[in-house]
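Residues in the sequence shown are numbered from 146 upward in steps of one, following the numbering used here.
In short, the hints are calculated from the structure, not lab data.
Treat the hints with care, as some may be off.
The calculated EDC-like cross-link candidates involving lysine to aspartate or glutamate, where the alpha carbons are at most 16 Å apart (straight line), are [what the hints assert, rightly or not]:
hint : residue 1 : residue 2
1    : 149       : 161
2    : 149       : 164
3    : 149       : 189
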Amino acid sequence: MTVKALLTEVALRRLEAADYRFCAGRGCDVVYFAGGGSTFVAGDV
Numbered sequence: 146m147t148v149k150a151l152l153t154e155v156a157l158r159r160l161e162a163a164d165y166r167f168c169a170g171r172g173c174d175v176v177y178f179a180g181g182g183s184t185f186v187a188g189d190v
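Using the sequences and the accompanying hints, generate a full structural model.
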């Protein structure tokens with residue numbers, strides 16, 4: 146499954162072409178992040 150498939154409609158507007166990584170740690174506020182600074186939090190998915 147891709148990041149794009151998981152994002153809310155509003156979050157999709159901020160989606161950039163990038164390689165996203167996933168943070169599975171309980172303390173992570175950011176769920177998906179890319180090297181260029183693009184991030185998505187739990188409320189974005």
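Tested hints:
| no. | hint | in the structure |
| --- | --- | --- |
| 1 | 149 to 161 | 10 Å, holds |
| 2 | 149 to 164 | 11 Å, holds |
| 3 | 149 to 189 | 11 Å, holds |
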